[in-house]
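Chains as they are written, first to last, in the numbering used here: chain P, 1244 to 1584; chain H, 1244 to 1584.
Hints may contain errors.
[As the list claims (entries may be wrong)] Below, computed lysine-lysine pairings styled on DSS-like, alpha-carbon distance capped at 25 Å:
id	chain 1	residue 1	chain 2	residue 2
1	H	K1336	P	K1285
2	H	K1248	H	K1271
3	H	K1559	H	K1538
4	H	K1292	H	K1248
5	P	K1336	H	K1292
6	H	K1461	P	K1285
7	H	K1559	P	K1271
8	P	K1461	H	K1292
9	P	K1409	H	K1285
10	P	K1336	H	K1285
11	P	K1292	H	K1538
12	H	K1292	H	K1361
13	P	K1292	H	K1336
14	H	K1538	H	K1366
15	P	K1247	P	K1355
16	P	K1559	H	K1285
17	P	K1559	H	K1366
18	H	K1559	P	K1285
19	H	K1559	P	K1336
20	H	K1409	P	K1285
21	H	K1494	H	K1541
22	P	K1461	H	K1285
23	P	K1292	H	K1461
24	H	K1409	H	K1292
[Said to hold, decoys possible] Label pairs and their computed distance ranges (CB to CB):
id	chain 1	residue 1	chain 2	residue 2	range
25	H	G1347	P	T1439	30 to 38 Å
26	H	T1573	P	D1453	49 to 57 Å
27	H	F1310	P	K1248	17 to 25 Å
28	P	N1407	H	N1294	24 to 32 Å
Don't read these hints as lab results, they were simulated from the structure.
Since the model is a prediction, treat every value here as computed from it, not as a measurement.
All C-beta atoms in this analysis are idealised placements derived from N, C-alpha and C, irrespective of residue type, glycine included.
2 protein chains.
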Amino acid sequence: MDAKKLGFDTINLGHGSGGIMTRDLLDKIIFKTFSNPYLNQKHDGSIVKFNNEIAISTDSFVISPIFFKGGNIGELAVNGTVNDVAMCGAIPKYLSLAFIVEEGLQIDEFIKIVKSIKDAADKSGVQIITGDTKVVERGKGDKIFINTTGFGEVHPNANISTDNIKVGDKIIVNGFIAQHGMAIMSQREGLEFESTIESDTTNVNYLVNDLLNEFGDKIHLFRDPTRGGLASVLSEIATDINKGIVINENKIPLEKQVAAACEILGLDPLYVANEGVFITIVESDIADAVIELMKNDKKGINTVCIGEITNVHHNKVVMNSSIGGKRIVTPLIGEQLPRIC
Amino acid sequence: MDAKKLGFDTINLGHGSGGIMTRDLLDKIIFKTFSNPYLNQKHDGSIVKFNNEIAISTDSFVISPIFFKGGNIGELAVNGTVNDVAMCGAIPKYLSLAFIVEEGLQIDEFIKIVKSIKDAADKSGVQIITGDTKVVERGKGDKIFINTTGFGEVHPNANISTDNIKVGDKIIVNGFIAQHGMAIMSQREGLEFESTIESDTTNVNYLVNDLLNEFGDKIHLFRDPTRGGLASVLSEIATDINKGIVINENKIPLEKQVAAACEILGLDPLYVANEGVFITIVESDIADAVIELMKNDKKGINTVCIGEITNVHHNKVVMNSSIGGKRIVTPLIGEQLPRIC
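Work out the full structure: start from the sequences and follow the hints.
See the structure below:
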């Protein structure tokens, strides 16, 4: 697919018209890239079949800049929704894909994004089955926004619910936090360390699947701390379960340069967005085995238990700090890093 | 739900943070409005079960202005996707709902839109089961964009496919065309007749269901001529089936004032967007019965047969004009009415 041969350099309003230009864009780029029997129906929608319950999750991606260290908005839009479906205890199968493009987007940028979507979809084992393209005038959007909605078959062994969480359950995280947010932030701020921090965007669905195969309903929750970071997700869980959560600061996996970037910018890594990170809350008797399995997967090499569920300080997250004190971890209130995903 | 009691007048970046402000917005407006067991899980996604094949369709709505004669972007986002699912021969059941809001949107406008979404969902018999809210800075969006993805159970009698279309099949349309596009256009242009033309946005899923109950696989296609209008949809079908389509200009249902508005603005109604209009292509022996059933439904009072499938001029749509000539109807090329849906 060569941008030069397409006959147009930029996306313009005609590409959102529903007429020949739309069809041209779809035929030359979208259908060509994602070709599969579902999409090739070229109907308003697609027909699929599931044998079990279905997990559905939707997200719009408005990240700025659209290309960043470690990824771009396209693969983020796939990985983000694939992971959300996986967090429901499901095996992601299909995605819908909807673009809102600002008039004037370079066609080679669009193609680069579309190819990343295809690569990320292949890596996650999902197919793009239906979509939509709208174009808005210059100054009424910001290059490109992408909505993906994901569909997955619930794993037969899964019983994921905050209702199952008990006092003593362990909280396990699969790797270094705050990388995505700090990659974007340092790029925006033009900091020197920008070249070394990369977004952690990736799919974790296969690792989740392996965990469910092995441990079934002894796994009580999966959750990915994206916007709002680890602090916000843990606070939400503490409120939902009406129990306490205790975490240990010195266990929280944080790379040195990410910690340094946070310090320079005055940000608390607990509130910084992640993309390839997830937590799982599991029965204490399987915690060691869960960690071992996760450490043997490249998406979980740095897995660690960061804390557990307690029957004190209900609805609150308390962190034992590295220097021996205790601190209540509140959820993020306003906006720390706008348009981080 | 009183905008004054919420504690904020506008949507701001903090409402897209994933932290307390996001949760506050969700709790006070979204969960309160759409409360149902799926959404109340407040997870990243929802779990549903279908007994049959599932039709899935996605659309982003970027219409401007967001409030227009006959509706607003909220109900449009529900009806548009409900109808796309219905066009697949399915019974719409669930929707996902994702907002991209421009910072500064008035909260009372947001609430009005959310309430319209709820009303439209209730009228269509669908539930909002999962969602997402993102906020972009002023000047990086345009008030509000909405993505809906719809899920429906394929009707057991349905066999909807262009492959089933035969020479002699009749093309039936459920009512007046070009109303949605001309309502928006005349409002944008500030024309005097603006007050009398209303968008035809509505759900047609129950009428589609009745047709499938009654006529099953003798119905070969449903399609809704939204962007690009009737001309673009018929042209696409002619290409897909590799047969000809003939339509009669004097049969095309067009209100006088809409025709007049089109003339003033130099627009061809065949290319103007519709929202509550659909065409169905059916076996000729059931055409009269289909029309009778449709005319007895308030969504099809003005149903008429506008033409048929022919074995001449393959891949083309030919219109017998009112004054006796013939005209080839080509699909829309560029952009006639940007941001019409």
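Each hint, compared with the structure:
1. K1336/H / K1285/P: With a Cα-Cα distance of about 22 Å, the restraint between K1336/H and K1285/P holds, given a limit of 25 Å.
2. K1248/H / K1271/H: holds, 10 Å
3. K1559/H / K1538/H: Between K1559/H and K1538/H the Cα gap is close to 29 Å, so the pair fails against 25 Å, i.e. violated.
4. K1292/H / K1248/H: At roughly 38 Å apart (the allowed maximum being 25 Å), K1248/H and K1292/H break the hint.
5. K1336/P / K1292/H: holds, 15 Å
6. K1461/H / K1285/P: holds, 21 Å
7. K1559/H / K1271/P: Measuring from Cα to Cα gives roughly 22 Å; hence the hint holds.
8. K1461/P / K1292/H: holds, 23 Å
9. K1409/P / K1285/H: holds, 19 Å
10. K1336/P / K1285/H: holds, 22 Å
11. K1292/P / K1538/H: violated, 34 Å
12. K1292/H / K1361/H: holds, 22 Å
13. K1292/P / K1336/H: holds, 15 Å
14. K1538/H / K1366/H: holds, 20 Å
15. K1247/P / K1355/P: Roughly 13 Å separates the two Cα atoms, so the pair holds.
16. K1559/P / K1285/H: holds, 18 Å
17. K1559/P / K1366/H: Measuring from Cα to Cα gives roughly 41 Å; hence the hint is violated.
18. K1559/H / K1285/P: Holds: K1559/H and K1285/P sit about 18 Å apart, inside 25 Å.
19. K1559/H / K1336/P: violated, 37 Å
20. K1409/H / K1285/P: holds, 19 Å
21. K1494/H / K1541/H: holds, 20 Å
22. K1461/P / K1285/H: holds, 21 Å
23. K1292/P / K1461/H: The given pair, whose Cα atoms are some 23 Å apart, holds under the 25 Å limit.
24. K1409/H / K1292/H: violated, 35 Å
25. G1347/H / T1439/P: 30 to 38 Å: Once the Cβ atoms are compared, 36 Å apart, the range 30 to 38 Å for T1439/P and G1347/H holds.
26. T1573/H / D1453/P: 49 to 57 Å: holds, 54 Å
27. F1310/H / K1248/P: 17 to 25 Å: violated, 43 Å
28. N1407/P / N1294/H: 24 to 32 Å: Once the Cβ atoms are compared, 27 Å apart, the range 24 to 32 Å for N1294/H and N1407/P holds.
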